[in-house]
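J.: Residue numbers (the working numbering): 1 to 743.
EDC-like, lysine to aspartate or glutamate: derived pairs with alpha carbons at most 20 Å apart:
id: 1; residue 1: 342; residue 2: 352
id: 2; residue 1: 342; residue 2: 297
id: 3; residue 1: 487; residue 2: 398
id: 4; residue 1: 109; residue 2: 130
id: 5; residue 1: 180; residue 2: 147
id: 6; residue 1: 109; residue 2: 124
id: 7; residue 1: 109; residue 2: 99
id: 8; residue 1: 278; residue 2: 253
id: 9; residue 1: 466; residue 2: 508
id: 10; residue 1: 286; residue 2: 450
id: 11; residue 1: 342; residue 2: 300
id: 12; residue 1: 509; residue 2: 420
id: 13; residue 1: 109; residue 2: 417
id: 14; residue 1: 109; residue 2: 258
id: 15; residue 1: 466; residue 2: 415
Distance windows between CB atoms, simulated:
id: 16; residue 1: 196; residue 2: 420; range: 44 to 52 Å
id: 17; residue 1: 177; residue 2: 382; range: 30 to 38 Å
id: 18; residue 1: 348; residue 2: 162; range: 46 to 54 Å
Derived from the structure by calculation, the hints contain no laboratory data. All C-beta atoms, glycine included, are put in the ideal place defined by N, C-alpha and C.
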Amino acid sequence: MHHECRYIIQTDIDFFYGQVNYLTSCSFLPSFEQPAQRDLVPNRAGRTAREPLLGTEAFRDSAKVTCNYLARAKGVGKLQLITDALKCCPELVIVNGEDLDRYRAASKKVFHLARSLVWGEKVERLGMDELFMDVTDMVVAHMADLDRPSPSSSMVPEHDNDLFFNLSLPGLLPAGFHYKRDTWAGHLISLSGDHLFDLTSPASPPASDSALQALYAASHLAAHIRGMIRSTLSFTCSAGVATSKLMAKLAADTHKPDAQTLLVPEAGESFIGPVPIKKIMGIGLKTMKILCERLREDREETGVGMEDGNGREEEDEEKLMMKQGDGPDAWMNNKMTVAFVKARTSREKFEDWFGQKAGGHMWELLNGEDYAEVIPTPTIPTQISIEDSFQHCTTLSDAGVRLVSLATDLIRRLETDLVDPATGAWARYPRTVRLTTRARSRGSEWAWKERRESRSAPMPVEVFEKGEIEERAKKVTEASLLPLLRKLVKEPFDVTLFNIAAVQLSTEKPASSITGFFSSALTQSPQRKPPPQPLLSARDWQSPASSSSSSSQIDSVTPRNVSHYLPSPPPDVDPSVWHDLPYEIQVEIATHYRVEVVAEGLDGDGVGTRVGNGVGRAVGVRKRGDDDETKDLDEDGVGARVEDGVDRAVGATKRGDDGEAAEGDEDRSKRQKRDELATLEYDREGEWEGLDDLDIVNDEWDVDGKDKGNDPGSGDYVCPQCGSHMFAWCRDAHEVFHRQREG
DNA sequence: TGGGGTCCT
DNA sequence: AGGACCC
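Work out the full structure, taking the sequences as your base and the hints as a guide.
T.: Next comes the structure, spelled out in structure tokens:
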């Protein structure tokens, strides 16, 4: 497999959160000429920043801040404590960064604009604010265009030296832009150094050969794309242009904000040498730590020092290095440059330390070789998740409240991201839901690892059906989340995080449950039927007893409508006995033995419902597997046959033209296989456990009436002392700042 | 930092 | 299911 030269553009929206806030907040004028006081500092860790306003002083000093460049110029750091940041820059405006909706929307706009500009929609998204674009086809076509003996009429230049970059696909009317021959846009890093092109310094080095001409053209294309992003969306961004993703990203990093740089391949080696290796995409913290250890070991064995080639190494540096028992720090990070590491290692060592594949790949990265392609990001994500972290969650009651709240937000997100607004149809159906928890470190374990555990279950079909969002959220919680939680934690527990993910997004709608069929039959039937009576009393989902926490829109992730989760009693349990049971026991029983709901007047006995439900779901899964053997999933040996079946089914969709694609597809098929098996297994469990639908209705649920009016999250507060604009919930922290300055 | 995502094993 | 990586 040979790699022809590619032209890659990487863009990075400058201080993305800040620009979004700037552009979407009505209290700030959308002008780039505004003075610094008008600039915003979003806080991505908005949760901790908000906590002090609710009365928890403990968090004030741990709230971190990220900021835009104007604020940075005033001495505000990138992940600074909020109180420190306010000391440097009193006029700083703190913005809650927890609600990511606006950022997601803005990010999507940039993404779709780029897709509309780049041929073949070869645009890959990295996080919210970064894009990779493979513009090879466009540049190659442009160079061919320039070679043509007679330029097309639309290419008539305004000036003699103008070239026309045709952006439209062949066969369409030309549309594009002009640029000056032998010039590049923005910065150029070549063997002779870093040149910023401007009109006063004549183009140098000139585009001596066609390869350089093509790169220059790519830089102009990058400038055009940045111009489009700025003119149509008002975002400034930085860009890097190079022949690989690796180099384009590193190049983009060299000049910002609102700048771009072109890196010619010849300068690649000298350019990448001084780069700290953790800047290389694909080398992270773990790799750094391992590398530090191995290097230290090697030095002890061979006596080869860690000197950086400038002669003797300093004694204290060596001591420092030895003391780094616990991995790299800032000093280490800057010391571990590409050249430094390359001088002391080899490809063989890397493959030994990190495995043949990963190690070899990383070694190539250190040598500036990156063959990774731009993978066009689908417009529909492969996973949608939402999470919330907190200090403690020790009771199932608390967990239930938090999970319902999270599930509510998740369903909302599914509807905005997965439902076609025009038709109201679901573009994808997440077939499984995954719950992950993070346990608080027990005992005196100081170096607590961020240990996350997860379990998955089928997504209840009710999620895709009509109905109040809270009802569906409760359904998910009862039917899947709480059972999953039981699998994850044992009785005395303390978790600090919940994450719910909707995964395995399928185009096929899962089979409806039998109860869903019954209820729709009831509504279609001419004879009136009262809706199923809830087995739960209104108090099962209580409104908060504590009104002390003033809730707000930004608080939506945190449960606020309910303070207690009360489980449903099994129908054959005497209610009075039930209520005498200890709470934890109630939860245990309720989540273990599902409660059956029998529609009134149907004379249903519940058993039929239960069996039908299980069968219905199993059929839904089988259909996708496209293999009859799927139904006999009993013993391990049979399970293997299922895997084969899935393998074949997936293999059929393989592109097949590329030898190396086979491995990747195989991995994918394995993953898919596991997901499907998990779904199947769970369905079977449900079959004999009696996985029936549980209808929970609560008339007291909706207490929004008194909450809606005062929303500190969206209010605009002006400090009477300094005139700073800020969100109302920032007021507390801001006043503390004034007090500190005076006292 | 936290609240997202991706792919690989 | 977990781990690495990315933002």
